Amino acid sequence: MNENVPVVSPAASIPVAPPLPRQGFIRLSPLNRRRLENFKANRRGYWSFWIFLVLFTLSLFAEFIANDRPILASYKGELLYPAFVDYPEEKFGGFLAQTDYRDPVISQEIQENGWLLWAPIRFSYNTHNLDLPVPAPAPPTWMLTDEQCRPIAERTGGTGCSDIEWNWLGTDDQGRDVVARLIYGFRISVLFGLALASISSVIGVLAGAVQGYFGGWVDLLFQRFIEIWTAIPALYLLIIISSIITPSFFVLLGILLLFSWVSLVGVVRAEFLRARNFEYVRAARALGLSNATIMFKHLLPNAMVATLTFLPFILNGSITTLTSLDFLGFGLPPGSPSLGELLAQGKANLQAPWLGLTGFFVIALMLSLLIFVGEAVRDAFDPRKAFR
Amino acid sequence: MTEPLLSVQDLSVAFRQGERDTLAVDRISFDIRAGETVALVGESGSGKSVSALSILKLLPYPTAHHPSGRVLFKGKDLIAADENEMRKVRGDDIAMVFQEPMTSLNPLHTIERQVGEILKLHRGMSDRDARARTLELLDLVGIRDAESRLGAYPHQLSGGQRQRVMIAMALANEPDLFIADEPTTALDVTVQAQILKLLAELKSRLGMAMLFITHDLGIVRKVADRVCVMLQGKIVEQGTVEEVFGHPQHPYTQRLLAAEPKGRGNPVPTDAPVVVDAGPIKVWFPIKRGFFRKTVGHVKAVDGVSVRIRKGETVGVVGESGSGKTTLGLAILRLVASEGPVVFLGKRIDGLRANEIRPMRKNLQVVFQDPYGSLSPRMSVAEIVEEGLLVQDKGLSYGERRNVVARALHDVGLDPATMDRYPHEFSGGQRQRIAIARAMALEPEFIMLDEPTSALDMSVQAQIVELLRDLQKRRNLAYMFISHDLKVVRALANHVVVMQNGQIVEEGSAESIFAEPKTEYTRALFAAAFNLETVGAGAVRQ
Numbered sequence: 004m005n006e007n008v009p010v011v012s013p014a015a016s017i018p019v020a021p022p023l024p025r026q027g028f029i030r031l032s033p034l035n036r037r038r039l040e041n042f043k044a045n046r047r048g049y050w051s052f053w054i055f056l057v058l059f060t061l062s063l064f065a066e067f068i069a070n071d072r073p074i075l076a077s078y079k080g081e082l083l084y085p086a087f088v089d090y091p092e093e094k095f096g097g098f099l100a101q102t103d104y105r106d107p108v109i110s111q112e113i114q115e116n117g118w119l120l121w122a123p124i125r126f127s128y129n130t131h132n133l134d135l136p137v138p139a140p141a142p143p144t145w146m147l148t149d150e151q152c153r154p155i156a157e158r159t160g161g162t163g164c165s166d167i168e169w170n171w172l173g174t175d176d177q178g179r180d181v182v183a184r185l186i187y188g189f190r191i192s193v194l195f196g197l198a199l200a201s202i203s204s205v206i207g208v209l210a211g212a213v214q215g216y217f218g219g220w221v222d223l224l225f226q227r228f229i230e231i232w233t234a235i236p237a238l239y240l241l242i243i244i245s246s247i248i249t250p251s252f253f254v255l256l257g258i259l260l261l262f263s264w265v266s267l268v269g270v271v272r273a274e275f276l277r278a279r280n281f282e283y284v285r286a287a288r289a290l291g292l293s294n295a296t297i298m299f300k301h302l303l304p305n306a307m308v309a310t311l312t313f314l315p316f317i318l319n320g321s322i323t324t325l326t327s328l329d330f331l332g333f334g335l336p337p338g339s340p341s342l343g344e345l346l347a348q349g350k351a352n353l354q355a356p357w358l359g360l361t362g363f364f365v366i367a368l369m370l371s372l373l374i375f376v377g378e379a380v381r382d383a384f385d386p387r388k389a390f391r
Numbered sequence: 070m071t072e073p074l075l076s077v078q079d080l081s082v083a084f085r086q087g088e089r090d091t092l093a094v095d096r097i098s099f100d101i102r103a104g105e106t107v108a109l110v111g112e113s114g115s116g117k118s119v120s121a122l123s124i125l126k127l128l129p130y131p132t133a134h135h136p137s138g139r140v141l142f143k144g145k146d147l148i149a150a151d152e153n154e155m156r157k158v159r160g161d162d163i164a165m166v167f168q169e170p171m172t173s174l175n176p177l178h179t180i181e182r183q184v185g186e187i188l189k190l191h192r193g194m195s196d197r198d199a200r201a202r203t204l205e206l207l208d209l210v211g212i213r214d215a216e217s218r219l220g221a222y223p224h225q226l227s228g229g230q231r232q233r234v235m236i237a238m239a240l241a242n243e244p245d246l247f248i249a250d251e252p253t254t255a256l257d258v259t260v261q262a263q264i265l266k267l268l269a270e271l272k273s274r275l276g277m278a279m280l281f282i283t284h285d286l287g288i289v290r291k292v293a294d295r296v297c298v299m300l301q302g303k304i305v306e307q308g309t310v311e312e313v314f315g316h317p318q319h320p321y322t323q324r325l326l327a328a329e330p331k332g333r334g335n336p337v338p339t340d341a342p343v344v345v346d347a348g349p350i351k352v353w354f355p356i357k358r359g360f361f362r363k364t365v366g367h368v369k370a371v372d373g374v375s376v377r378i379r380k381g382e383t384v385g386v387v388g389e390s391g392s393g394k395t396t397l398g399l400a401i402l403r404l405v406a407s408e409g410p411v412v413f414l415g416k417r418i419d420g421l422r423a424n425e426i427r428p429m430r431k432n433l434q435v436v437f438q439d440p441y442g443s444l445s446p447r448m449s450v451a452e453i454v455e456e457g458l459l460v461q462d463k464g465l466s467y468g469e470r471r472n473v474v475a476r477a478l479h480d481v482g483l484d485p486a487t488m489d490r491y492p493h494e495f496s497g498g499q500r501q502r503i504a505i506a507r508a509m510a511l512e513p514e515f516i517m518l519d520e521p522t523s524a525l526d527m528s529v530q531a532q533i534v535e536l537l538r539d540l541q542k543r544r545n546l547a548y549m550f551i552s553h554d555l556k557v558v559r560a561l562a563n564h565v566v567v568m569q570n571g572q573i574v575e576e577g578s579a580e581s582i583f584a585e586p587k588t589e590y591t592r593a594l595f596a597a598a599f600n601l602e603t604v605g606a607g608a609v610r611q
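The listed protein sequences correspond, in order, to chains X and Z.
Position in the first sequence (from 1) plus 3 gives the number in the working numbering.
Position in the second sequence (from 1) plus 69 gives the number in the working numbering.
Chain X with its partners taken away, still in its complex shape:
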């Protein structure tokens, strides 16, 4: 940074703006590029991020992986989309309002007049496996002996376990496939966590921003309100509410949101309090920028560092909240796929360790991956990390 290099004589000809520099798909400022480098430098976090992303993307397409309806079917020359469209069973000669494609009569009827494309796992989260070789909860099929499997296998002309439909991780106490419930449960947990974390962050950041920027009475009143608000025991409230109504996904989200938005207020408020006296904020005021513009353009990026650092941990907290509510039985409506419910079943059925163990390992994996990602994000935003 030599003082003399870019200084040109003011007497030179009329200056022209340089052409815009070439921009990539996403233009990253040097600061963000350095953060990305730091993020990548944390190998564990980086790999965790990709593993989590792959798992999450896969779970988003759960209908294509585990489904009790075929994805595609051709019946008498007509192309059908059973996974997305409800076809009445009379179409195939049955009598139910919705087709049960797992019914051997129906599937045979379609096979004879066309073809069926099934998902790799032919159970959805709410499919009861009616052909269990042992009473539910059934252990994983690979743990069974051919002896146990024979009665079921013989129905389709087979002899042993390799000839029946497999439950890779067994079934729960209602005969539902654990893998299918895991995939759907993972998706709903992560989606719920993401929704709760992001909405409460937005509200928290906005509330913190207003408090920090305006200070004074606004700050004082808001802070006292938050103190009183956080004193309300959220869990008891939830238990009371869920004893009156059956909380759906969105009701649960709404209730938890009422209390979770406060988590970021303190951090953002402190950041705004600090940054509102920065000279570049003053300079922006002198340029005539409005309060909203200053808050968004100059102060919010400062606060985002703290927010993004906290976000993975808030996400984790949100997921755990849902899981624990499900575990206690105050969460999602009965029958929903949920990791907490799986844990509760594991607790109730100690003779079926595959339930508890599966639930434990999946939750542990998910939370650990997110924590590792969170660590890497924290490293990436750590300004002191730059010179190491």
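Read the hints as simulated data drawn from the structure, not as lab findings.
These numbers come from a predicted model, not from an experiment.
Cβ atoms here follow ideal geometry from the backbone N, Cα and C, with glycine treated the same way.
Incorrect hints may appear among the rest.
Said to hold, decoys possible - Below, a list of computed lysine-lysine pairs in the DSS-like style, where the Cα atoms sit at most 30 Å apart:
1. Z:LYS463 - Z:LYS291
2. Z:LYS416 - Z:LYS380
3. X:LYS300 - Z:LYS291
4. Z:LYS587 - Z:LYS369
5. Z:LYS189 - Z:LYS145
6. Z:LYS463 - X:LYS300
To be verified - To give an idea of the interface, some chain Z residues facing chain X are shown, with a C-beta separation under 8 Å as derived from the structure:
7. LEU404
8. GLU408
9. ARG427
10. ARG430
11. PHE437
12. GLY442
13. SER443
14. SER445
15. ARG447
16. GLU456
17. GLN461
18. LYS463
19. GLY464
Start from chain X and add chain Z according to the hints.
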């Protein structure tokens, strides 16, 4: 010739940055003999502080390391010494005082505890002995009524007093070598003069050697026996003060010596129209006490000050920190609430709402002191400079805006091709040029310059002053120039206002004030600024 007390031989310091090593200090050698003062001079980033810190091994090891060199203190190599030995040397044989007295003291401990701690640690003194010695030391560094100050916390002391306490702590064990790292840079000129005087007295009384680090050549000339000039990690010239100042050999030294802000303000015709006519302005901050927050009194930051600025004129506002200069400027810009009329271009702007004043801001611009703090690190230069245009000139297209930015950057002497870079790629002086370009892009009538040069190196200060004077001439701008640096004010102002405790103590044309200051306060201020001397101690707040 006697054996030197400290001998730095071929010392290098490198910092590890990822894979690469950055060399901060490159094979420097110098000696300090007992009782001698050696000054390390150079601009920021030249490696002078790093050199001093490596003598005491206070750098962030192992990020920092020494590829070569020895530091011999009384014949012992400190670079090879381990942490235990170093701890005995630090604070006992070699003491150090840092630049920032505001943060060098622990805010939670009393003065007695902080000074006494060193005595107990190194000397094993009892509480009572330590207290007696602390009193003696505070007396020595010129803290009046030391007994009552023992229980004081750092925030109850002024900047100058804190620096005195720091010096008392450094002197506690009668060190042989005293390292002062820009001890007066954060202080007012008048306080700076007092501290320099104190250091000189102490040195002659205690017979210790001193390593003085500064960027201010005036101080070097005043205090040092020998001087080492540093440039980019190397010592480019060293010798006695007379030699170096009398016959500078290296071109860099010559440039440094010639870098003082020169010239005088642009002449203004007496019938030039008035741009700003403000006052009497009052900014009082209420002091609230008790449960019901009753107002019991006021801090009178600005108390009935009037300023009138004509087109093409520079009004310099000088005074110590806390005298209300900046508050006055912010009040005129309507960035703090104030009482009293502010007339801008014939229109009263006090009492206008934020929305009503927004269009006026185009003509009412400001450049702040700290070029590092006043530019958002997340925006490119183009984004920073065009920000005002987005509000004030909404009709401009993207291309037009970029052209305005290019013109503004060109006007302040920066290459428009650099407009898509980020502030951290520029030096302090260049950043200040960007801040000026941001103000200039709106083509204002009036710019408030709030200490625009005080965070910059000496040679850069001169360049910025030149630039401001040149811009004023071409655009016929009105400046309000706030500074405690009287050399810069002399080079730029037509009219000078001297402030103390929120009031004007003296004002007049630049020539008359600088030629014959009338009040005691102004005289003390000038003596401290130009000769680094204390005059009329009673007039200046300690």
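Going through the hints against the structure:
1. For a cut-off of 30 Å, the pair hint linking LYS463 (chain Z) to LYS291 (chain Z) is broken: about 54 Å separates their Cα positions.
2. Distance restraint check for LYS416 (chain Z) and LYS380 (chain Z): the Cα-Cα separation of roughly 15 Å lies within the 30 Å cut-off, and the hinted pair is therefore satisfied.
3. Between LYS300 (chain X) and LYS291 (chain Z) the alpha-carbon distance is near 48 Å, which puts this suggested pair outside the 30 Å criterion.
4. Between LYS587 (chain Z) and LYS369 (chain Z) the alpha-carbon distance is near 24 Å, which keeps this suggested pair within the 30 Å criterion.
5. Restraint check: the Cα-Cα separation between LYS189 (chain Z) and LYS145 (chain Z) comes to about 25 Å, which is no more than 30 Å; the hinted pair holds.
6. Proposed proximity of LYS463 (chain Z) and LYS300 (chain X) is supported: the alpha carbons are some 17 Å apart, at most 30 Å.
7. For LEU404 (chain Z), the suggested interface contact is upheld, since its CB lies about 6 Å from the closest CB of chain X, less than 8 Å.
8. Among the interface hints, the one on GLU408 (chain Z) is violated; its C-beta lies about 20 Å from the nearest C-beta in chain X, farther than the 8 Å criterion.
9. A distance limit of 8 Å between C-beta atoms decides the matter here; for ARG427 (chain Z) the minimum to chain X is near 4 Å, and the interface restraint holds.
10. The beta carbon of ARG430 (chain Z) comes within 4 Å of a beta carbon in chain X, closer than 8 Å, and the hint placing it at the interface holds.
11. Because the smallest distance between the Cβ of PHE437 (chain Z) and any Cβ of chain X comes to about 4 Å, under 8 Å, the interface hint for this residue holds.
12. Interface hint status for GLY442 (chain Z): upheld, as the beta-carbon distance to the closest one in chain X is roughly 4 Å, under 8 Å.
13. Satisfaction of the interface hint for SER443 (chain Z) is found here, the shortest Cβ-Cβ separation to chain X being roughly 4 Å, below the 8 Å cut-off.
14. Hint status for SER445 (chain Z): holds, given a least beta-carbon distance of 5 Å to chain X, under 8 Å.
15. Checking ARG447 (chain Z) against chain X: minimum C-beta separation of about 5 Å stays under 8 Å; hint holds.
16. At about 6 Å, the closest approach between the beta carbon of GLU456 (chain Z) and any beta carbon in chain X falls short of 8 Å, and the interface hint on this residue holds.
17. About 6 Å separates the beta-carbon of GLN461 (chain Z) from the nearest beta-carbon of chain X, less than 8 Å, and the hint is met.
18. At its closest, the beta carbon of LYS463 (chain Z) sits 11 Å from a beta carbon of chain X; the interface hint therefore is violated under the 8 Å criterion.
19. Of the supplied interface hints, the one on GLY464 (chain Z) is violated, with its beta-carbon coming no nearer than about 15 Å to a beta-carbon of chain X, more than 8 Å.
Of the hints listed earlier, those the structure fails to meet are numbers 1, 3, 8, 18 and 19, in rising order.
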